[in-house]
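Turn these sequences into a full structure, and let the hints guide you.
So the chains spell out like this:
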Amino acid sequence: MSQFALEITDLKKTYDSDVVALKGINLAVKEGDFFALLGPNGAGKSSTIGIIASLVTKSAGKVKIFDIDTDENFPEAKRLLGVVSQEINFNNFEKVIDIVTTQAGFYGIPLKESLLKTEITLKRLGLWKKRNDQARTLSGGFKRRLMIAKALIHEPKLLILDEPTAGVDIELRREMWEFLKEINAQGTTIILTTHYLEEAEQLCKNIAIIDHGELVENTSMKDLLSRLDVQGFVLDIDQSLEQPPSILNFPITLEDSTTLNVVIKKDQSINDLFGQLSALGITVSSMRNESNRLEEMFIEMVKKN
Amino acid sequence: MKRRNELLVSLITLIRKEIKRYLRIWVQTLVPPAVTMSLYFVIFGSLIGPRIGTMDGLDYIQFMIPGLIMMSVITNSYANVVSSFYSVKFQKSIEELLVSPMPNWAILVGFIMGGVSRGVLIGCIVFCVSLFFYPSFTIVNPLLTVTVLFLTSILFSLMGFINAIFADSFDDISIIPTFVLTPLIYLGGVFYSINILPDIWRNISMANPMLYVVNTFREGMLGVSDVSIPFALAMIVFFIVVLASTCLLLLHRGIGTRQ
Numbered sequence: 001m002s003q004f005a006l007e008i009t010d011l012k013k014t015y016d017s018d019v020v021a022l023k024g025i026n027l028a029v030k031e032g033d034f035f036a037l038l039g040p041n042g043a044g045k046s047s048t049i050g051i052i053a054s055l056v057t058k059s060a061g062k063v064k065i066f067d068i069d070t071d072e073n074f075p076e077a078k079r080l081l082g083v084v085s086q087e088i089n090f091n092n093f094e095k096v097i098d099i100v101t102t103q104a105g106f107y108g109i110p111l112k113e114s115l116l117k118t119e120i121t122l123k124r125l126g127l128w129k130k131r132n133d134q135a136r137t138l139s140g141g142f143k144r145r146l147m148i149a150k151a152l153i154h155e156p157k158l159l160i161l162d163e164p165t166a167g168v169d170i171e172l173r174r175e176m177w178e179f180l181k182e183i184n185a186q187g188t189t190i191i192l193t194t195h196y197l198e199e200a201e202q203l204c205k206n207i208a209i210i211d212h213g214e215l216v217e218n219t220s221m222k223d224l225l226s227r228l229d230v231q232g233f234v235l236d237i238d239q240s241l242e243q244p245p246s247i248l249n250f251p252i253t254l255e256d257s258t259t260l261n262v263v264i265k266k267d268q269s270i271n272d273l274f275g276q277l278s279a280l281g282i283t284v285s286s287m288r289n290e291s292n293r294l295e296e297m298f299i300e301m302v303k304k305n
Numbered sequence: 001m002k003r004r005n006e007l008l009v010s011l012i013t014l015i016r017k018e019i020k021r022y023l024r025i026w027v028q029t030l031v032p033p034a035v036t037m038s039l040y041f042v043i044f045g046s047l048i049g050p051r052i053g054t055m056d057g058l059d060y061i062q063f064m065i066p067g068l069i070m071m072s073v074i075t076n077s078y079a080n081v082v083s084s085f086y087s088v089k090f091q092k093s094i095e096e097l098l099v100s101p102m103p104n105w106a107i108l109v110g111f112i113m114g115g116v117s118r119g120v121l122i123g124c125i126v127f128c129v130s131l132f133f134y135p136s137f138t139i140v141n142p143l144l145t146v147t148v149l150f151l152t153s154i155l156f157s158l159m160g161f162i163n164a165i166f167a168d169s170f171d172d173i174s175i176i177p178t179f180v181l182t183p184l185i186y187l188g189g190v191f192y193s194i195n196i197l198p199d200i201w202r203n204i205s206m207a208n209p210m211l212y213v214v215n216t217f218r219e220g221m222l223g224v225s226d227v228s229i230p231f232a233l234a235m236i237v238f239f240i241v242v243l244a245s246t247c248l249l250l251l252h253r254g255i256g257t258r259q
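From first to last, the protein sequence lines are chains A and B.
Count the first sequence with my numbering and you get residues 1 to 305, in order.
Count the second sequence with my numbering and you get residues 1 to 259, in order.
Simulated from the structure, these hints should not be mistaken for lab results.
If you're wondering where the values come from, they're calculated on a predicted model, not measured in any experiment.
Be careful, since some hints might not be right.
Mimicking DSBU-like on lysine-lysine, the simulated pairs with C-alpha atoms at most 35 Å apart in a straight line are [said to hold, decoys possible]: (1) 95/A to 20/B; (2) 92/B to 64/A; (3) 130/A to 23/A; (4) 129/A to 89/B; (5) 129/A to 64/A; (6) 112/A to 89/B; (7) 157/A to 2/B; (8) 95/A to 92/B; (9) 20/B to 117/A; (10) 130/A to 20/B; (11) 222/A to 181/A; (12) 181/A to 205/A; (13) 181/A to 130/A; (14) 129/A to 92/B; (15) 2/B to 130/A; (16) 143/A to 266/A; (17) 23/A to 2/B; (18) 23/A to 20/B; (19) 89/B to 12/A; (20) 30/A to 12/A; (21) 123/A to 157/A; (22) 95/A to 2/B; (23) 266/A to 222/A; (24) 20/B to 2/B; (25) 205/A to 12/A; (26) 123/A to 2/B.
Shown next as structure tokens:
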């Protein structure tokens, strides 16, 4: 048995409209990984996921799920795979419980057993109280949870989520993060695409960046972030200033009278900055990243490409 | 063995889903054919029928019954599959099926069985309605009647499936039933025997596939027909095989279902 949950070799996709979505992607995701697949809109993320899930037909290449070649035995590979699509894809007029039990039925789980599994899954996702509601009456966040419940009902070993938290409020997003971390800790391999780079940074161990149908990066999150040369910080200070303080080697700008923006290089010490500010009689009351670290890296890479 | 059971469960799930779908909206799916056919029986059977007299040696209302049952079976089998399959495409819930391990043939059988069950159910409802207007009706050849009923439902469910695969809008699922099926059914011997037509129109009518379906069913119910029954049955089976193969090929290539 391969140690890889997913292996993609020279995957190509050209749509009927002659749009080349994938130009030969090679990717391997280890079993148990929490993997981020990032890229700007139209980069080829959804095409890749669509091919893995058999929603899109590939033009060339190979896809293996837990060593099962999808060209040779796709049904068997699909049993190991759960997919949460980007768009809502259930009948809005059906009840929540019916949607999930029907999905279980499509995977060959008998009704009695699927009712039991549905109860467990809906309770886990906080949907049990809404089991008899029509799906169309659910809020956006609960619809997202229902999508996840559907994808998990047959207990897949590999779960692919295509922007699962798009349009979800921050509280629910964090709840979903905890849930995903939990199932990953229990052994489910997770591949995530997202536009919230903070989400990828928080959750994922490894990362691939795709742009214009090509893989521009495929490494560990730690390695990628360690390549950041500079980081921007926002400092809130106690007193009001009219001009930014002049500190050697630290370029500082004034955002407003009580907020400083400072750029710190990788080899510089933040303690050094605080020491110099303190010497000038400036006390820092709070500090935060100017923007998400991964976001800076991502923009840089996409620009280069 | 385990995989075979799983496949059976998935197939039953899809069939159950399809049947539940049209039963849930029974006012839209089951009642209208009963009402429409009652009107046909009242107007053409009870009011105008006696003035027409006999057709092929039978009371006009009696002659009409198999044709009207077939008309309902054809339109409902077709409508069920075309609307159901197009809806799952439109709502993207087809992805629920495509990501599952169900093979293409099971997906096809599931939808077709939904259409067949509705077609047969409507056929039974219309037959029951006809008994109010012609209580002494007896079926001459039940085996042939039931066989044609099922084969016709399968045939037109398959046609509906192909229509749904190529449909890109709700307009596309009503064009064929309105502009092709309905005229062919009306001109296919539902209300008259082609023996009353002039030679030229009789010959043209022989090219209408509905004529064979309606007349084979009429042979089963009443023992009268304008066409050769073995030939008609062979043609129905032949087209079922051709259409089913076409559906499987379309599903395999992902036309209309996968990008």
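Against the structure shown, which of the earlier numbered hints fail to hold, in ascending order?
-> 3, 5, 16, 17 and 18
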